[in-house]
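Build the full structure now, drawing on both the sequences and the hints.
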Amino acid sequence: MLNYLLVQAVNGLVIGVIYAVIAAGLTVIFSILKIVNFAHGEVYMMGGYFAYFAIALLGVPPMAAIFVAMALAFLLSVLFERTLLTPLYSPTTERKADYGILATFGISILLRNIAIIAFGPFPLRPPSFFQGVLVWGPIVISWDRIFAAGAGAAILVALTLFLRRSAWGQALNAVSQSRESAAIVGINDRLVYTLAFGVGGALAGGAGALVGPIYALSPTMGLQPDTQAFVIVILGGMGSVGGAIIAALLIGLSEGMFVALFPDPTRSLAYAQAFSLLVMMLVLLVRPKGFFGRVHLAME
Amino acid sequence: MNQHDDARRGRGMTPTAWLTRRAALAAAAASIPLIGQRRAWGAAEPIVIGWVGPLSPPGGYAEGILMKDAAEMGADEINAQGGVLGRPLQIVYADTRGMPAEGRTAAERLVQENKIVAAFGEFHSPVALAEMEVFRKYNIPFMACDVWSDEITAKGYQQVFRNAPTISLIDTAIGEWIAAVGFKKVALLAEKNDVGLAARTAVAEQLNKAHIPNDSVDAETTTTDFTAQILRFKNATPPYDFFYSAFSEAGAYDLIRQAKELGMCPTPKCGMYNSGGEATDPTFWQNVKEAGVWLVTENVGLPQSGWNDKTRAFVKAFTAKYKAEPPGAVMESYDGLYLLADAIKRAGDTKPEGIIHALETTQYVGVRGQYSFATDKDPPWHYHQFMQAPLTLIQYDKINQTVNDAPILWPRKFATSKELYMTPA
Amino acid sequence: MRPTQLAGAALLLMLVLAFPVLVNPYWLTVGILAIFYAIVTASWALLVGYAGQFSFGHMGFVSMGAYCSALLVSAAGLPIPIGMAAALVLSGVVGAVIGYTCLRMHGPYLAIFTMAFSEVFRIIALTENEITGGAGGLEVTPLFHTRSDAPYFYLGLALLAASLGLMSWMTTSRWGLFFRAIRENEQAAAAAGVKVVRFRVLVFAIASSFAGLAGAFYAHYIGILTPDVGSVDQMGLVVAMAVIGGAESLPAAVIGAIVVEFLVEALRAYGEWRLVLFGALLLLTVRFARNGLLALAWEQVLRLGPVRERARPARRPAAS
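Chains E, R and W are the protein sequences, given in the same order. Every position in the first sequence, counted from 1, becomes a number in our numbering once 112 is added. Every position in the second sequence, counted from 1, becomes a number in our numbering once 1095 is added. Every position in the third sequence, counted from 1, becomes a number in our numbering once 11 is added.
What the hints contain is simulated information worked out from the structure, not anything from laboratory work. Heads up, some of the hints might be wrong.
[To be verified] Over the 12 Å line for every Cβ pair with chain W, so calculated as not near, a few chain R residues:
hint: 1; residue: Ala1331
hint: 2; residue: Ser1467
hint: 3; residue: Ser1512
[What the hints assert, rightly or not] Okay, the calculated beta carbon distance ranges per label pair:
hint: 4; chain 1: W; residue 1: Glu283; chain 2: R; residue 2: Tyr1252; range: 29 to 37 Å
hint: 5; chain 1: W; residue 1: Ala280; chain 2: E; residue 2: Ala230; range: 17 to 25 Å
hint: 6; chain 1: W; residue 1: Glu197; chain 2: E; residue 2: Gly354; range: 24 to 32 Å
hint: 7; chain 1: W; residue 1: Thr152; chain 2: R; residue 2: Gln1381; range: 46 to 54 Å
hint: 8; chain 1: W; residue 1: Leu26; chain 2: E; residue 2: Ser202; range: 38 to 46 Å
hint: 9; chain 1: W; residue 1: Ala86; chain 2: R; residue 2: Ala1275; range: 46 to 54 Å
hint: 10; chain 1: R; residue 1: Ile1494; chain 2: W; residue 2: Thr152; range: 48 to 56 Å
hint: 11; chain 1: W; residue 1: Arg279; chain 2: R; residue 2: Asp1404; range: 36 to 44 Å
hint: 12; chain 1: R; residue 1: Glu1448; chain 2: W; residue 2: Pro153; range: 21 to 29 Å
Every residue, glycine too, gets a C-beta built ideally from N, C-alpha and C.
Next comes the structure, spelled out in structure tokens:
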């Protein structure tokens, strides 16, 4: 029994790292643009397809394809930000939060349906990063998953370093705390917004590229991680990348544990997602700022 | 806020101008219905047939799109040979997205706007049930293609026929086979849609009848990570020796791969079944690789031994055009059109009574063999059901094997494998 | 109202009442569905556009009302009007509860919380298929057994008129002022004496009850009910309807729903591109015509639900 729970735990943590990358992207976007990006799951999906086609059409090796996917996801996000999100910075736009929700919602509908037409409805699968399965005592886990977790962790480390050490990263941090103060110090906030949306998208796209060999790529694959990402970001507290990472790991872990331990086996898998939603609802009631959230700044 | 008001006021017009504009809008809105009127130019007025099915989410759009392709192919072929009764066939495709309300409006539109004389297709039972009500209201013959709920024929509507097998037929076969092989404990996983649930219920019923212990689990159609559930199954004592899954969405591939990776099945100790069609779809092997070897699944097309010339021609043409062998659902769609065309030809006109009678007496031979539709109602789902709907259980024993090359396990009269079940190596 | 406006309104009314006779049954079906969406969209507009409570859980109430009425009628044998009334009450009560629990939430948090609620309900309806029929669908007793759908149209119209009437009365009364005050700045409103708690709960209750009623109507019309009614896709459609019509004005939202429903049907000819075009239209409207394409027109002509409080001579809002 203990072995079994151990295996579930390990697997849950691995998934959690991927969730963390996605959630980190959502958090970056929220911290700086102050909007919830409802199209995040679709950028994740596009990242997966970008990687697939880079490998299939351009012959890029799978590992390099991850970078290609992130770069293309970055550009796609920048494109959307420049064309659709600029009203967020204009003083005449009312209720910017609502605008952000509506605009990103529209983007998600657009991307999803374009993907069906462009990529076809059938699931596709890019080649594995590493073949085979690791068997270590009771733990059985595919190398692709281990690689994805490792690469995901590396991306998160790179992100943290970027936010703390690089000039642009610190600019992002500054703007997330106070737009006006950042402007006073001479930070070009428009560039920062674009950068933030791009970085958030790149993270989602990278996650999509990493899970390509693990899960089937399909145009609707973004819907489920989207909901998960919201749960995680709420739990971790919008605005805190560290919080998002911890919450992601917890969610990954608890989902596995839920399926393992829920007494009614018929319903355990079915209710696993409802479970994390309920947890999120509970957290929102008790601690609206999540575990590590920063003070929720006003939207305008 | 005042500057906004001023800006907006500046864009306004006099009330009369607004009234005129609004009246024009109302008139335009009222005329939308009239736009649908169609005039047939040219020598022969086309025979219009409607096709219904999911072409976008949340419906099963992957299969729907394939079924549409097959219908298009069929229509092109028929027209190339002079059409039906000297008139060209025109098919109008309606995307029903897997939602009953859409099915109903689509059916209404096909009848009222496009003036169809018959309809075929569909992939989701609840949608077909909604469409049937409309077709019955207007007395339009409807050939249900890939919907498996017993209700569809059990309702006894004169207009409704089905050329696909039904749950009672399919899952009885699967349950019988499992019992025949002698599996001792079965795990069932079903997707939470009409197909999955009905399949799981029917198979479980068969297993219970045979006193084989079984446990069922349901999963969301969007699930892609079954690891936790598979591990839970794997950890059961006594262990399961067969895993039946009714999962037709994209996650089916993940399910099969994860089951293999985690060492659950297919292994020498535990076999695996996947129902729903994914295992016969074009991208199956690309997605599952070796994990698909030893998987058992059903094929609703004819076993290769029973292929006739039409089957061979169709498979060749479809594979050439769409780069993939046609799964059973596709053949149902193709034959569905041909059945209607044949019925119209024999009836001599497009009146519903004629078509219905012609279908009841049909002996048309299509790519899935010879068709006939029962007219008894005992049990109720027999009515207008293609009772000899082909159904074979196949098991892949080589990677990248095509559906038609895979050894057939059941029914024994078509079996090409000596064993009832090939234990994985 | 001016004579020209009166004449225009009368003409429109006649056209609407004669609709079932003017069009073929297909467009009648579309019209009935448009009425359904109109009720849902108007109630959502009340909640979101008017009171500023950005809820993504609205379809959850629609679904709840639908299943409530369907199950009461088929399982308990209650007459349909009772079922529909029960749906209204249940949705209203649950809506009030949700409104109360959400008091400390705003904007995106509220949106996500309500979306989660809607999803949880959908998952339960999907999983408990012994009761709800799950994805296989629940057969629902139809309201009318006539060959034509015209009775549904008129009933729907009556429901729409009643709900619109009630909601409009609310918005043009003092309550409307309070809602908008809460929307613009909750703290200031509270400081000015608006009982924020009471009104937030109230608007949730009212909006949800109408959503539930619409859901019950839908169930007894379509005759077969699946959990998809409460899906995020459907919510997106309603959002689009409200945005394109105009979320801050109830009549505009209604028109938006009707126009979008007819548009989505008319776009069938474009096949797979239908939803892409639709998404693009939504984006363009949000980006360039934030208050909706129709809000302006409606507000100008009929003055039923003002888009913005015009600059009037200063009048102090009465204490609530």
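Hint check:
no.	hint	in the structure
1	Ala1331	holds (21 Å)
2	Ser1467	holds (28 Å)
3	Ser1512	holds (34 Å)
4	W:Glu283 - R:Tyr1252: 29 to 37 Å	holds (30 Å)
5	W:Ala280 - E:Ala230: 17 to 25 Å	holds (20 Å)
6	W:Glu197 - E:Gly354: 24 to 32 Å	holds (30 Å)
7	W:Thr152 - R:Gln1381: 46 to 54 Å	holds (47 Å)
8	W:Leu26 - E:Ser202: 38 to 46 Å	holds (40 Å)
9	W:Ala86 - R:Ala1275: 46 to 54 Å	violated (39 Å)
10	R:Ile1494 - W:Thr152: 48 to 56 Å	holds (52 Å)
11	W:Arg279 - R:Asp1404: 36 to 44 Å	holds (37 Å)
12	R:Glu1448 - W:Pro153: 21 to 29 Å	holds (26 Å)
In summary, the one numbered hint that this structure violates is 9.
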